[in-house]
Amino acid sequence: MTTPFTAPKGTYDLLPPASEEFLAVVNALSRPAELAGYQYVQTPMFEDTALFTRSVGESTDVVSKEMYTFEDKGGRSLTLRPEGTAGVIRAVVEHNLLAGQLPVKLWYTGPNFRYEAPQSGRYRQHVQVGIEAIGVDDPALDAEVIATAAEGFRALGLTQARLLLNSLGDATCRPAYRERLQEFLGGLDLDADTRRRAEINPLRVLDDKRPEVRAQLAGAPLLADNLCEACREHYDEVRGYLKELGVQWEEAPRLVRGLDYYTKTTFEFQHDGLGSQSAVGGGGRYDGLVESVGGPALSGIGFGLGVDRTMLALRAEGIAVADPARCQVFIVPLGAAKARAVTLAGELRRAGVSTDLAYGGRGLKGAMKAADRSGARYAVVIGERDLEGGTAQLKDLASGDQVAVPLTDAVSTIQEKLS
RNA sequence: GUGGCUGUAGCUCAGUUGGCAGAGCACCGGGUUGUGGUCCCGGGUGUCGCGGGUUCAAAUCCCGUCAGUCACCCCA
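For what it's worth, this note's numbering labels the leading residue of the first sequence as 2, then goes sequentially.
Because the hints were derived from the structure by calculation, they are not lab data. From the three backbone atoms N, C-alpha and C, an ideal C-beta is built for every residue, glycine too. A couple of the hints might just be wrong.
Claimed, not checked - Pairs of lysine-lysine, BS3-like flavour, derived with a Cα cap of 30 Å:
no., residue 1, residue 2
1, K10, K210
2, K366, K339
3, K339, K370
4, K244, K339
5, K66, K210
6, K10, K66
7, K418, K339
8, K418, K370
9, K366, K418
Claimed, not checked - Between beta-carbon pairs, the in silico distance windows are:
no., residue 1, residue 2, range
10, G276, G347, 46 to 52 Å
11, A37, A221, 22 to 28 Å
12, G276, E35, 29 to 35 Å
13, G276, A221, 22 to 28 Å
14, G76, A231, 23 to 29 Å
15, A37, Q161, 37 to 43 Å
16, Y116, G347, 45 to 51 Å
17, V404, P9, 49 to 55 Å
18, K418, N28, 24 to 30 Å
19, G158, A231, 36 to 42 Å
20, R386, A37, 22 to 28 Å
21, K244, V404, 21 to 27 Å
22, G241, K418, 51 to 57 Å
Let the hints inform the model, and build the full structure from the sequences given.
Structural data, given as structure tokens:
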């Protein structure tokens, strides 16, 4: 079928029942954060373009070629957020939250936008659930953040999400390592694009997937062997706390993430059932980020989990997130009893009973069919004959048992039966 | 951005060497003028992605385009 309008390329509509599953996934991924004391924060979906170029980094693909940037009528350059952390840090700095008790612990959810070639698991608009813990550089906090992400996946029943862990070093050890790596890469036979990347962002070359590149990288120096004393200690402590928390991980010395602000602890959750877009979440510590957007020189750590990809992972593992019945009670009015049926629906809803009703003057058979499809436990049939006697027919849809109940007691009777 | 594959009903898909647009599921109605699920009967709900070309004739062949998908790249 052809309609005049379709969802823009790389986007999709979330319809029932998948949309219900989406809400359940957002809840499951954010509940562990709330249990760990993170509070909800909401920031704009677009920000000053410079916020992203400065924080995410101009050398990243995200900034250099994937941003939805536009000028508004006031001549400002704005960008739809390509990731969640920068806006949250901006808000924290703008409102001086770091002057209060530290760490500042926040969680958020919402869409991010990137102009990419769409593919299964890769969309131009995708939703993340994320948390940020800002202002304290404590390895126990790194472990908390990682464990919080892991708990979200665990609560959903995912068993094939693997946690990859690495340390990217800091301003003390990374520059020297970077030079060593660059020197090593300079001696390899690489294509023009990769050579350029080696110049701008040499660490990125490490997680190139092409076999011919991988083979050459076999002897590359690894950051793990070049960490300064402080970073090594930090990383060791993080691993110690993770062990305490019962979180399993794999060492991934070549794990590098696409955003430039990460330092020290870096992690990614991968799921093998998703094809080439295997990352379902990731994050890390960011030492210089707060300062780069005008705040104090304080460190922070956070993650972003992909809701869309988590849903794909659930499907890949054959996990169905419970699809609750649309309502508990379904009312079937006949003829002139409609007004009383509408009234009863209102009474039931006010009493906290989820209630739907057959609209559109369907026949009794069709209305009962609708009652069945709704998943309701009870159907209430009200016809003119019942009205005369001041009653309604209350039918248990599972057993088929039906009793007449006085309309005056209908709400309390139903509440009793449902409890 | 580059390359491969695929677009037929709401969904999953069939459609032969070019010859009237199909099935299952879903949906609606009836069998039962006041009772759902099972069963029976009936109903196709369609711009064959879109545009052009070849042909007496195109879902089918050719070109273009859009979208999806897979891989690279990148990432959630």
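Comparing the hints with the structure gives:
1. K10 <-> K210: 27 Å, holds
2. K366 <-> K339: Holds - the C-alpha atoms of K339 and K366 are around 16 Å apart, at most 30 Å.
3. K339 <-> K370: Roughly 18 Å between the alpha carbons, so the hint for K339 and K370 holds.
4. K244 <-> K339: With Cα atoms ~63 Å apart, K244 and K339 exceed 30 Å; violated.
5. K66 <-> K210: Holds, because 20 Å separates the two Cα atoms, which is no more than 30 Å.
6. K10 <-> K66: It holds: about 17 Å lies between the C-alpha atoms, which stays within 30 Å.
7. K418 <-> K339: Holds, at about 24 Å.
8. K418 <-> K370: Cα-Cα ~22 Å, so holds.
9. K366 <-> K418: The hint holds at about 25 Å.
10. G276 <-> G347: 46 to 52 Å: Cβ of G276 to Cβ of G347: about 49 Å, so the range 46 to 52 Å holds.
11. A37 <-> A221: 22 to 28 Å: 37 Å, violated
12. G276 <-> E35: 29 to 35 Å: 32 Å, holds
13. G276 <-> A221: 22 to 28 Å: Holds, at about 27 Å.
14. G76 <-> A231: 23 to 29 Å: 45 Å, violated
15. A37 <-> Q161: 37 to 43 Å: 24 Å, violated
16. Y116 <-> G347: 45 to 51 Å: Cβ of Y116 to Cβ of G347: about 48 Å, so the range 45 to 51 Å holds.
17. V404 <-> P9: 49 to 55 Å: 53 Å, holds
18. K418 <-> N28: 24 to 30 Å: 28 Å, holds
19. G158 <-> A231: 36 to 42 Å: At roughly 39 Å between Cβ atoms, A231 and G158 fall inside 36 to 42 Å, so the hint holds.
20. R386 <-> A37: 22 to 28 Å: 58 Å, violated
21. K244 <-> V404: 21 to 27 Å: 60 Å, violated
22. G241 <-> K418: 51 to 57 Å: 54 Å, holds
Comparing the model with each numbered hint stated earlier shows that hints 4, 11, 14, 15, 20, 21 do not hold.
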